[in-house]
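S.K.: Chains A and B are the protein sequences, given in the same order. Just so we're aligned: 468 in the working numbering is position 253 of the first sequence, and the numbers increase by one with no gaps anywhere. Just so we're aligned: 78 in the working numbering is position 73 of the second sequence, and the numbers increase by one with no gaps anywhere.
What the hints contain is simulated information worked out from the structure, not anything from laboratory work. You may find that some hints are simply not true.
Reference listing, derived: stretches of chain B covered by chain A, where coverage requires no fewer than 3 residues with Cβ under 8 Å from a Cβ of chain A [unchecked claim]: (1) 297-303; (2) 387-400.
No farther apart than 30 Å at their CA atoms in a straight line, the calculated lysine-lysine pairs in the DSBU-like style are these [said to hold, decoys possible]: (3) B/K225 <-> B/K140; (4) A/K491 <-> B/K303; (5) A/K491 <-> B/K404; (6) A/K569 <-> B/K348; (7) A/K491 <-> B/K336; (8) A/K217 <-> B/K336; (9) A/K217 <-> B/K303.
Pulled from the structure, derived: some chain A residues nowhere near chain B, Cβ distances all over 12 Å [said to hold, decoys possible]: (10) R238; (11) T335; (12) T346; (13) M540.
Note that the coordinates shown come from a computational prediction; the quantities given were computed from them, not determined experimentally. Yeah, the Cβ is synthetic: ideal placement off N, Cα and C, and Gly gets one too.
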Amino acid sequence: MKFSFSEEQTEFRNMLRRFLNDRSPTTEVRRVMETEAGYDPEVWRMMAEELGVTAIHIPEAYGGAGFGVSELAIAAEEAGRALLPSPFFGSTVMAATAIAEAGTDAQKQALLPGIAGGGTIAALAAAEPGTGWNADAFTATASPAGGTWRLTGRKSYVLDGMAAGLVVAAARLPQGGLGLFSLPADSAGLTRQPLQSMDPTRRLAQMDFDGAEAELLGGPEAGAPAWARTLDIAAVCLAGEMVGGAERLREDALEYVSMRMQFGRSIASFQVTKHKAADMLLEVELAKAAAYYAAAAADGGDEEVDQPLPALASLAKATASDTYMQTAIHAVQMHGGIGFTHDNDTQLWFKRAKASEVFLGSAADHRERMLQHWNA
Amino acid sequence: MTDFTEDEIRAEVRAWLTANWDPDRGLVEWRNILIDSGWGVPHWPEAWHGRGLPVGMTPVVEEEFDKVGAVGVAKMGIRTLAAATILEHGADLHKQRFLRGILTGEETWCQLFSEPGSGSDLAGAVTRADFQGGKWIINGQKVWNTSAHHADFGLLLARTDWDAVKHQGLSYFLLDMRQPGVQVHQLRQMNGHASFNQVFFTDAEIEPEYRIGEVGEGWKVATTTLMHERRGADGVRRYATGSDRPGRIYEEERAEVATVMAPYVWYPQRTGRADLLIERAKAAGCWDDPAVRQEVAKALTLARTAEWTARRAREAQQMGRPQGPEGSIGKLAASIVARACAKAHTMIAGPDAMLTGEDDGAGGVVAEILVSTPAISIAGGTDEIQRNIISERILSMPKEPRHDTDRPFRDVPRNQVG
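Go ahead and model the full structure; you've got the sequences and the hints to work with.
M.R.: Rendered as structure tokens:
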């Protein structure tokens with residue numbers, strides 16, 4: 216699985232690609248991104264009920280399909296390739312993983328089946344203005360209040376925060392540790408506000424907690440390791456999403472230069488264009504190898520993997536985000552003037568690449584994290 | 006011939022070794038016995054020192070040799086390319102004359118393809134072979150010839166017809182290097198090593214029977230040599246016993262290995278040595294420097310992702326799946342890895358990067374990395390050629406326009422080299 220996909224995995228990928236080609240071509244992406252919800256509820260329902268995308272990595276005991284991170288990352292890659300606007304990343308990848316990692320059996324029984332079935336959309340409120348995704352710096356606090364907890368503080372860059380009915384929030388415990396909490400999105404004391412996302416296909420929200428009542432997932436010790444593993448899995452899936460998008464940009468740019476004539480010849484015949492295309496292929500292939508390897512590492516059980524997951528997840532995130540952005544820059548350049556227009560689709564992926572460059576932390580942040588965990 | 010089972014072959018090899026292996030023999034004496042038995046190159050034809058076994062059986066035979074520490078035939082260096090080319094295209098006369106000497110190690114070889122005027126464009130060779138007085142007379146110059154300074158014979162690509170189009174005007178010869186018309190000068194590289202040579206021909210002579218392939222078919226024969234150069238000689242995975250055991254035969258083998266490997270001692274450094282980055286940064290006291298850490302992380306990432314990409318390609322091949330683009334980008338990836346490593350090593354070394362030899366703070370290794378990495382993006386196909394190959398063969402982009410295949414070679418614009 217590190218270096219090749221099984222037939223089942225390939226079939227799953229092909230099925231998703233067919234579905235997304237059919238149901239979410241760029242004309243649909245452009246229509247949906249202008250709507251208030253930011254996603255197509257009917258496509259979301261089909262993905263949940265017919266394709267099981269919302270259930271992939273959730274254990275069968277909690278209504279899921281019990282597959283691994285590799286399968287989840289395949290779905291992310293295909294969604295990234297199609298630039299699908301949907302709560303898949305915020306709800307399935309981030310919030311469900313946090314609950315699965317932190318929750319007690321009873322909490323998982325209560326919360327995960329709804330997410331697995333797609334009926335519940337959840338969001339993970341962790342990053343804060345000024346701290347990004349560095350949990351050591353989170354300032355939101357949790358105070359015990361008669362058998363329950365009350366949260367106070369501001370969370371930002373919450374992916375799919377407005378679409379969510381269920382919120383998982385990270386807050387500092389009185390003893391200084393990190394807790395993960397769950398609460399309904401319409402709880403008293405929780406105010407949500409959409410942020411103006413540069414990438415209209417990826418919706419972000421700000422959340423202000425003012426004594427909102429919440430339930431601690433697991434115990435006081437569960438939050439920190441659950442957050443760390445959630446960040447790893449989210450980084451792996453984001454790497455998958457990014458290589459999917461980068462490959463699509465690369466293919467579209469190649470198709471365009473092969474069609475475009477200038478000076479009486481195809482611009483694809485210019486060596487400078489050929490060499491750029493070769494470099495784009497190389498970079499995307501290297502980033503894919505990192506994303507696939509990290510996903511396999513997240514699933515564990517392979518003695519040949521000689522680095523811990525946090526190192527590999529951060530390696531994959533850093534290299535995929537650098538590659539995605541560079542590929543987007545090349546893709547606009549290869550399209551020339553038309554690449555800068557709103558009507559050309561390149562700009563849609565360019566904006567996703569830009570957002571992904573910093574979402575979950577910058578490439579530089581992740582390279583540092585990679586080295587801190589590196590097994591030298 | 007191919008219906009022996011692996012177990013039967015193992016048993017037969019074992020019995021033969023028990024009866025014949027003797028580490029107190031001389032290397033050549035032993036190899037002659039081995040060659041007569043057919044176990045030295047079991048995948049070669051029976052008529053030519055082999056047993057006609059499938060290539061896949063050769064590692065099995067080698068395992069049995071390893072178990073008793075038995076030395077094999079000479080398998081390193083350009084001689085393997087000579088053997089493969091002669092086996093495929095040579096006449097019986099060539100096989101008779103050369104194969105045994107290749108296998109005993111008594112005669113060594115070099116490749117005479119590249120020229121000052123034709124590196125990436127090998128078929129543009131202008132070294133001339135003219136048939137005069139019943140012999141081929143060679144004039145011209147070759148370059149980048151590994152081990153030519155001690156080679157007995159050379160695999161020579163030379164132009165025999167200037168009116169034919171480029172690829173059809175070449176012929177392939179087996180050249181005796183030990184003659185007055187051949188002069189070899191070692192070529193010193195920017196990293197101080199002299200791994201290659203320049204070879205000059207002034208009316209050097211070749212007897213007519215030492216042409217291999219037909220006149221004008223030299224490029225076809227050269228393609229065989231190049232193919233074997235790229236993939237290493239088939240079925241030959243074990244180069245030497247690597248034994249540090251005492252005994253005359255091992256000493257002789259070690260001397261042979263040292264001579265053949267001498268040109269390659271700096272090759273590890275041309276990769277950039279990602280494996281040394283962290284220990285060097287710690288030793289230099291800059292492992293806490295965030296700028297250094299970023300560069301080290303970038304270099305490690307490139308090295309790892311290149312390795313994983315190569316593994317993806319190999320696995321796809323093993324599973325019989327069509328190989329994706331990941332198989333063709335390794336050479337280009339290696340260049341990028343090497344440059345990233347050299348950059349990180351430079352940051353780590355700081356001002357010491359100005360120093361060389363023992364003064365570089367790392368026993369000369371870092372200095373050698375810094376001045377060896379430029380080789381990797383040139384040797385064996387430049388980055389530019391690799392990008393052409395990737396864009397044309399994988400991405401199906403238009404081929405470069407050519408001005409050399411539609412006219413007699415003598416009308417092709419070319420370098421003016423003496």
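S.K.: Go through the numbered hints given earlier and state which of them the structure violates, listing their numbers in rising order.
M.R.: none
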